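Engineer: Each chain, written out:
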Amino acid sequence: MASTILEMRDITKTFPGVKALSNVNLSVEEGEIHAVVGENGAGKSTLMKVLSGVYPAGTYDGQIIFQGQECQFKGIQDSEHRGIVIIHQELALVPMLSIAENIFLGNEHAKYGVIDWDANENRTRALLKKVGLREDPKTLITNIGVGKQQLVEIAKALSKEVKLLILDEPTASLSEKDSQALLDLLLEFKRQGMTSILISHKLNEINRVADKVTVIRDGRTIETLAKQDISEDRIITSMVGRSLDDRYPPRDPHIGEVVFEVKNWSVYHPLHADRQVIKGIDINVRKGEVVGIAGLMGAGRTEFAMSLFGRSYGRRISGEVLLNGQPIDVSSVSKTVEHGVAYVTEDRKTYGLNLIDHIKHNITLANLGGVSRHSVIDDLRELAVANDYRKKTNIRASSVYQMTGNLSGGNQQKVVLSKWLFADPQVLILDEPTRGIDVGAKYEIYTIIARLAAEGKAIVVISSEMPELLGITDRIYVMNEGRIVGEMPASDASQEKIMRAIVRAEGKAA
Amino acid sequence: MSTESAPAPKSNVAEDVQQGPRVAVSALMTNLREYGLILALIAIMVFFQFTTSGTLFKPVNLSNLIQQNSFIIVMALGMLLVIVSGHIDLSVGSVAGFIGALAAMMMVIWPLGPLSNPLVVSIICLIMGGLIGAAQGYWIAYHRIPSFIVTLAGMLIFRGICQALLGGGSSVGPLPPEFKALSSGFIPDVIGPLTLIPPTVNAAGKTIMGSGLTLHMTTIVLGVLAVLAYAYFGLSTRRKRERHGYEAEPFVLFVAKTLVGSALALFLVYQFASYRGLPVVLLVMGVLISLFVFITKRMTIGRRIYAMGGNVKAAQLSGINTERLTLLVFVNMGVLSALGGLIIAARLGQAVPAAGLGSELDVIAAVFIGGASAMGGVGQVIGAVVGGFIMGVMNNGMSIMGVNVDWQQVVKGLVLLGAVIFDVYNKNKA
Numbered sequence: 000m001a002s003t004i005l006e007m008r009d010i011t012k013t014f015p016g017v018k019a020l021s022n023v024n025l026s027v028e029e030g031e032i033h034a035v036v037g038e039n040g041a042g043k044s045t046l047m048k049v050l051s052g053v054y055p056a057g058t059y060d061g062q063i064i065f066q067g068q069e070c071q072f073k074g075i076q077d078s079e080h081r082g083i084v085i086i087h088q089e090l091a092l093v094p095m096l097s098i099a100e101n102i103f104l105g106n107e108h109a110k111y112g113v114i115d116w117d118a119n120e121n122r123t124r125a126l127l128k129k130v131g132l133r134e135d136p137k138t139l140i141t142n143i144g145v146g147k148q149q150l151v152e153i154a155k156a157l158s159k160e161v162k163l164l165i166l167d168e169p170t171a172s173l174s175e176k177d178s179q180a181l182l183d184l185l186l187e188f189k190r191q192g193m194t195s196i197l198i199s200h201k202l203n204e205i206n207r208v209a210d211k212v213t214v215i216r217d218g219r220t221i222e223t224l225a226k227q228d229i230s231e232d233r234i235i236t237s238m239v240g241r242s243l244d245d246r247y248p249p250r251d252p253h254i255g256e257v258v259f260e261v262k263n264w265s266v267y268h269p270l271h272a273d274r275q276v277i278k279g280i281d282i283n284v285r286k287g288e289v290v291g292i293a294g295l296m297g298a299g300r301t302e303f304a305m306s307l308f309g310r311s312y313g314r315r316i317s318g319e320v321l322l323n324g325q326p327i328d329v330s331s332v333s334k335t336v337e338h339g340v341a342y343v344t345e346d347r348k349t350y351g352l353n354l355i356d357h358i359k360h361n362i363t364l365a366n367l368g369g370v371s372r373h374s375v376i377d378d379l380r381e382l383a384v385a386n387d388y389r390k391k392t393n394i395r396a397s398s399v400y401q402m403t404g405n406l407s408g409g410n411q412q413k414v415v416l417s418k419w420l421f422a423d424p425q426v427l428i429l430d431e432p433t434r435g436i437d438v439g440a441k442y443e444i445y446t447i448i449a450r451l452a453a454e455g456k457a458i459v460v461i462s463s464e465m466p467e468l469l470g471i472t473d474r475i476y477v478m479n480e481g482r483i484v485g486e487m488p489a490s491d492a493s494q495e496k497i498m499r500a501i502v503r504a505e506g507k508a509a
Numbered sequence: 000m001s002t003e004s005a006p007a008p009k010s011n012v013a014e015d016v017q018q019g020p021r022v023a024v025s026a027l028m029t030n031l032r033e034y035g036l037i038l039a040l041i042a043i044m045v046f047f048q049f050t051t052s053g054t055l056f057k058p059v060n061l062s063n064l065i066q067q068n069s070f071i072i073v074m075a076l077g078m079l080l081v082i083v084s085g086h087i088d089l090s091v092g093s094v095a096g097f098i099g100a101l102a103a104m105m106m107v108i109w110p111l112g113p114l115s116n117p118l119v120v121s122i123i124c125l126i127m128g129g130l131i132g133a134a135q136g137y138w139i140a141y142h143r144i145p146s147f148i149v150t151l152a153g154m155l156i157f158r159g160i161c162q163a164l165l166g167g168g169s170s171v172g173p174l175p176p177e178f179k180a181l182s183s184g185f186i187p188d189v190i191g192p193l194t195l196i197p198p199t200v201n202a203a204g205k206t207i208m209g210s211g212l213t214l215h216m217t218t219i220v221l222g223v224l225a226v227l228a229y230a231y232f233g234l235s236t237r238r239k240r241e242r243h244g245y246e247a248e249p250f251v252l253f254v255a256k257t258l259v260g261s262a263l264a265l266f267l268v269y270q271f272a273s274y275r276g277l278p279v280v281l282l283v284m285g286v287l288i289s290l291f292v293f294i295t296k297r298m299t300i301g302r303r304i305y306a307m308g309g310n311v312k313a314a315q316l317s318g319i320n321t322e323r324l325t326l327l328v329f330v331n332m333g334v335l336s337a338l339g340g341l342i343i344a345a346r347l348g349q350a351v352p353a354a355g356l357g358s359e360l361d362v363i364a365a366v367f368i369g370g371a372s373a374m375g376g377v378g379q380v381i382g383a384v385v386g387g388f389i390m391g392v393m394n395n396g397m398s399i400m401g402v403n404v405d406w407q408q409v410v411k412g413l414v415l416l417g418a419v420i421f422d423v424y425n426k427n428k429a
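In order, the protein sequence lines correspond to chains A and B. Mapping to numbering that gives the first Met the number 0: the first sequence position 156 is 155, numbers consecutive. Mapping to numbering that gives the first Met the number 0: the second sequence position 282 is 281, numbers consecutive.
Just so you know, these hints were derived from the structure itself, not from any lab. None of the values given here were measured: they were computed from a predicted structure. It cannot be assumed that every hint is accurate.
[Said to hold, decoys possible] Footprint (simulated), chain A over chain B, 3 or more residues, beta carbon under 8 Å:
1) 235 to 244
2) 301 to 309
3) 317 to 328
[Unchecked claim] Here are the in silico distance ranges between beta carbons for each label pair:
4) L270(A) / S289(B): 43 to 53 Å
5) L290(B) / V145(A): 43 to 53 Å
6) F14(A) / I126(B): 49 to 59 Å
7) E134(A) / A353(B): 51 to 61 Å
8) E134(A) / M374(B): 28 to 38 Å
9) V145(A) / A225(B): 55 to 65 Å
10) H373(A) / A230(B): 45 to 55 Å
11) K278(A) / A373(B): 40 to 50 Å
12) S289(B) / E486(A): 53 to 63 Å
Glycine is no exception: its CB is placed at the ideal position from the N, C-alpha and C atoms.
Next up, chain A with everything else stripped away, as it sits in the complex (with noise of 0.2 Å):
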């Protein structure tokens, strides 16, 4: 059949103190979308950094062989200069320029470094018109979508004449539907014999579109599946070397009275006066309770949260927060933690962490009085108190002080938990709490979340991964365009009703 397009053959990457990657093999064949899964910190990212000259050719033992030669690339200009693109999680567009000038940045058509506008937009427009993105090569990056910045990336892949795709987690802050969309033109590339390889963290996905997985684990190569043999709990198995029977933990929830409600909450958009964003809702979470809220992208989830807790998006807000039927005041964000209402953000780095300060002050921020006295901090309690959440949690770290902008996503999501469960709230608001986490470090955020449910704290949970809401949570809310549009208990839910719910009201709404 095809021939071997890339063959990555014993790859042994050594940190100063760490092996990341050892004997590391993998064989990409021509034409294929070839999956590579593992845990974070299995090595995936490591490897894709060997492969494109990151790491160049010398600071690594083992071979490349790409397109039957062996490679030494020296840097990225090296691997691209081949056909390699890699495009990172994290986009490398600059918001404040054009598609066309981040499309051809570094690249332009230019005589005498002059730039010939004309030829790059053109380009542009044919580059635009195979990833099926519909915009204007002159729209600044800043005004389309992720989904669209996405595309943009695969456009400028492809404008560097592209042999070997390399995507690192492209649907991590997806929606469903540009996720579909991303797969979709993956598979299209496919038929038009590109090779690509996909690092993902979504096993539907993989299940969708590849053809070969390899699994990665603890920098080895653990095994290499064909498609026949792909399904998830054969890859979950293999990715973290035990059998997780069960990927949620068991609960035995004992719910209580209402602790905590919202009345008829309304939320207008911040920059656009009269657009409405959160239409009169109304929620309730009981005592020892998880409720999920449930809905696509772009719903109003975030915007709830965020306006609930101290206002922190949004005017003109209105509505009623009570909790024990006590109404409370959450018009700032002290305030709101000082009632017991604590909110766990969805972007941990942007909003959740001090990433250039260490663990054990992450820990502790939004509860200095409860390791000070008189405003004077002690140490001593503040490091027992760090090191305790740490086992409590089972952050993964050389201590307390290791900076959390080293950590991995799932053990920086376990400090930004503790830093609120040391808070102590009543209610706890989380956002996506298992985005871009692995399947273990996620199964260790849902037992954590059990554990809180048992102690009596009422829960709410906000996540686009519909299976995760129906494994954990006791209740369901469906939102859709700023509106609660379907409640259920979780015992009675299923992924098609909640579409069922979110599908019925755009009907209504349209």
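Assemble the complex: chain A is given as a structure, and chain B must be docked to it using the hints.
Structural biologist: Same frame as chain A, now just chain B:
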């Protein structure tokens, strides 16, 4: 039981054992960086001691050095917080100049009666500084106008007001001696001097200046007490950590640090005691430095400032009122700028239109030499103080050597650039 079924937590014992040496190594590394700066200062001092053939460490020169640079260090304490919180303040030199002029007008020109008492004037001036800081901080904190722009405007405005107050190019003075004591005074010797070697008397029956050795005993006693307290607190903190089973920094390192620090301090104390004792301004500075070390290391407000500089959004969502905190940081800067202005005026004995001109750059340079990050969130009080002294010693040493002022600036610029490059290089390596 059910909630514990998933990944078995690692055994705590094993973790701690593994953790021990690594923590020690990292403690050593951070300490090396911190001490690198102090070692640099010592190296520079030794260098100038050598090139000025011993003038640098002469008691009289040490006193001068302190009196010339104290205002930079005082303002650097405020600037450190400003820079850590992710801002900058370009107006400090002008504010200092304006406050100096205001103080002089109140004490010398305006008929204020009892209000022209130096103490009253100083207090009013400090409050005025706080108000100026609040006025600038208000726009920065509550209206999100970049601090660079607000304080650039402040720099022009207050220099202008300073010159206008003094009526064009004239200077106002002389200032009362009680006020001048803030900068050029020495603490009184309440214990009484101790004469070790009586001064030589010449044939005419007059004592020869600088001969003999008389020690200012109050200075000696204060110095020894300070060193003992330093060692005692270091030791007791260590004990407490050990009692709770936490790894402290390696003992050898601790002893070395304490011994070198104490020896250096005692040497300086001895030098001061053999001249006229501790300069008042050094005492003021010492108290302020200790206060700011305490605020940044141990108080919740300090921690919040670092968190705000590290990630302002995360700080807000953790319940920190970042607007008020920013305002406070600038109020603090204003008060310290005012104090800087008073110190300058007291040293000159008069208010001049150019007082503090360009000193904002020295202050900012001191903070960056001290290892603060221009992005905010990183920086230490001790670093800024040592940075200030590095600048001061270089100024003083080069002046004694007779290096042209033009070239002094070139050297200072190179040192600033070098220090920051060294920092960035270190960070990337880590």
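Engineer: Can you let me know if the beta-carbon spacing of H373(A) and A230(B) is within 45 to 55 Å?
Structural biologist: violated, 26 Å
Engineer: Counting residues of the segment 235 to 244 of chain B that have a beta-carbon nearer than 8 Å to any beta-carbon of chain A, does the count reach 3?
Structural biologist: holds (count 3)
Engineer: Given the hint of 28 to 38 Å, is the C-beta distance from E134(A) to M374(B) inside that range or not?
Structural biologist: At roughly 33 Å between Cβ atoms, M374(B) and E134(A) fall inside 28 to 38 Å, so the hint holds.
Engineer: Range first: 43 to 53 Å. Now tell me if the beta carbons of L270(A) and S289(B) are that far apart.
Structural biologist: Check passed, 47 Å falls within 43 to 53 Å.
Engineer: For the segment 317 to 328 of chain B, count the residues whose Cβ lies under 8 Å from any Cβ of chain A; is that count three or more?
Structural biologist: It holds: at least three residues are needed, and the segment 317 to 328 of chain B offers 4 whose Cβ sits within less than 8 Å of chain A.
Engineer: For L290(B) and V145(A), compare the CB-CB distance with the range 43 to 53 Å and indicate the outcome.
Structural biologist: holds, 47 Å
Engineer: Could you see if the CB distance from V145(A) to A225(B) stays within 55 to 65 Å?
Structural biologist: holds, 58 Å
Engineer: For the range 51 to 61 Å, tell me whether the beta carbons of E134(A) and A353(B) fit it or not.
Structural biologist: holds, 57 Å
Engineer: Is the gap between the beta carbons of F14(A) and I126(B) within 49 to 59 Å?
Structural biologist: For F14(A) and I126(B) the Cβ distance comes to about 55 Å; the hint holds.
Engineer: Taking the beta carbons of K278(A) and A373(B), is their distance inside 40 to 50 Å?
Structural biologist: holds, 44 Å
Engineer: Just to make sure I understand the rule, a stretch counts as covered if three or more of its residues have a C-beta closer than 8 Å to a C-beta of the chain. Does the segment 301 to 309 of chain B meet that for chain A?
Structural biologist: Satisfied; 5 residues make the cut.
Engineer: Given the range 53 to 63 Å, decide if the beta-carbon distance of S289(B) to E486(A) lies inside it.
Structural biologist: holds, 59 Å
Comparing the model with each earlier hint shows a violation of hint 10 alone; every other hint is respected.
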